[in-house]
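Novice: Each chain, letter by letter, is given below.
There are 2 protein chains.
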Amino acid sequence: MKYINFEEASDTVSDEIYMKEALKEAHKALEQGEVPIGAVIVSNGRIIGRGHNLTERLNDVTAHAEMQAFTAAANYVGGKYLHDCTLYVTIEPCVMCAGAAYWTQITRIVFGARDEKRGFSNLGRANVLHPKTTLMSGVLEAECAELITSFFRNKRIK
Amino acid sequence: MKYINFEEASDTVSDEIYMKEALKEAHKALEQGEVPIGAVIVSNGRIIGRGHNLTERLNDVTAHAEMQAFTAAANYVGGKYLHDCTLYVTIEPCVMCAGAAYWTQITRIVFGARDEKRGFSNLGRANVLHPKTTLMSGVLEAECAELITSFFRNKRIK
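Protein chains in written order, with the UniProt record's numbering: chain A, 1 to 158; chain B, 1 to 158.
Treat each hint with caution, since some may be false.
Because identical chains share one entry, a pair is satisfied inside a single copy or across any pair of copies.
[Claimed, not checked] Once the Cα atoms are required to be at most 30 Å apart in a straight line, the calculated DSBU-like pairs of lysine-lysine come out as: (1) LYS155 / LYS132; (2) LYS132 / LYS20; (3) LYS132 / LYS117; (4) LYS117 / LYS28; (5) LYS28 / LYS155; (6) LYS117 / LYS20.
Since the hints were derived computationally from the structure, they do not count as laboratory data.
Go ahead and model the full structure; you've got the sequences and the hints to work with.
Specialist: Pasting the structure below:
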C-alpha cells in the first residue's frame, strides 16, 4: 500500500480520504442499529475529532455524529473555536448541527449526500452557517447515500 | 409561604414559577462567568431537566442551557421524545437549540427575552420547530433580558 501524505495530496484526493474515515464512523453507527451517519474533523492533515450517530443508544437527540465530533475536536484543541478545521460528514447536517457549526466558526464543511428532508440548506445557507465557513458537497455522494437508503429500506422490510 | 400546586395554578402563574427556575439556572451560569442563560424542562408539574450555559468552562459550543436540559430530560423519561413537556428558557433559543427541540418533538417552548441577533426566529419559525411545538415568549422578559444585558455591560467595562 502506498503511503499518502495527506498534506501533499490534492484536495479531491484528501477530501475522499477523509470522507472514507467519516464513512467508517457511519458503519460503526450501522453496527449498533443507528441511522448510519458518521463525521470526522480534520486540522492540518490530522483527524482531531470523530463521531457517529448514537441517538438511539443514548436516547438523546443531540447525539448526532457532528455534535460528538465538534465536542471531541474542541477537547483536542483546548478551545471552542475550530478555525482551520474541516468537518467531513456523510450526510448533510441538520439544522441543529449546522447551528452548532456556526458557533464553532469552523473553516470548511464537506458533506457526502444531501438530506432533502431535514438538511439545513432547506433554510437557506446564508442565515445558518458562519460567514467564515465554506461549504462543499457531493464527496463520495453515492456511497454515503446508499448506506442510509439501504438502512431505511431494510427497516421497512423487517 | 403558601403552597402552590403547580397543576392547579393558572398558566400565567405556573409559567412564571418555572421561568424563575430557569432564571436560577441562569444565575448559576453567571456565577461561573458564563453568559447567563438557564433552562428547565417541565412535565406534569415536575421539573425533569435543568441546564445552564457552560460553553466557556467546557470549551464546547454545544453546551448551551437548552441542550443540557434536553439531555437531562430525555435521560429522566428514558426516551428521546419530550412529548407533554415544556421547555422554559430565559433567552430565545439559537438555531442549534431550536434544531434540537425539533428532534425532541417537545410540546411547548416558553422563552423570556428575544435574542435579536442569533434567535432562531430570525430564520422563520415554521421551518425550524416541529409542527407539534407551540411557542410563547415574554415571560419575565425584563428580568431575563436584564441579566444578560448587564453581563455584557460589565464585560465591556472590565
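Novice: Look at each hint and say if it fits the structure.
Specialist: Results for each hint:
With identical chains, the CA atoms of LYS155 and LYS132 are at most 30 Å apart between copies only, with a shortest distance of 25 Å across copies and 39 Å within one. With identical chains, the CA atoms of LYS132 and LYS20 are at most 30 Å apart within one copy only, with a shortest distance of 25 Å there and 37 Å across copies. Taking the closest pair of Cα atoms, LYS132 and LYS117 come within 30 Å of each other both inside a single copy (26 Å) and across two copies (17 Å). Within a single copy, LYS117 and LYS28 get their C-alpha atoms as close as 24 Å, which meets the 30 Å cut-off; across copies the closest is 38 Å, which misses it.
Taking the shortest Cα distances, LYS28 and LYS155 sit within 30 Å of each other inside one copy (17 Å), while across copies they are farther apart (44 Å). Proximity of LYS117 and LYS20 under a CA criterion of 30 Å is satisfied intra-copy only: 24 Å inside one chain copy versus 37 Å between copies.
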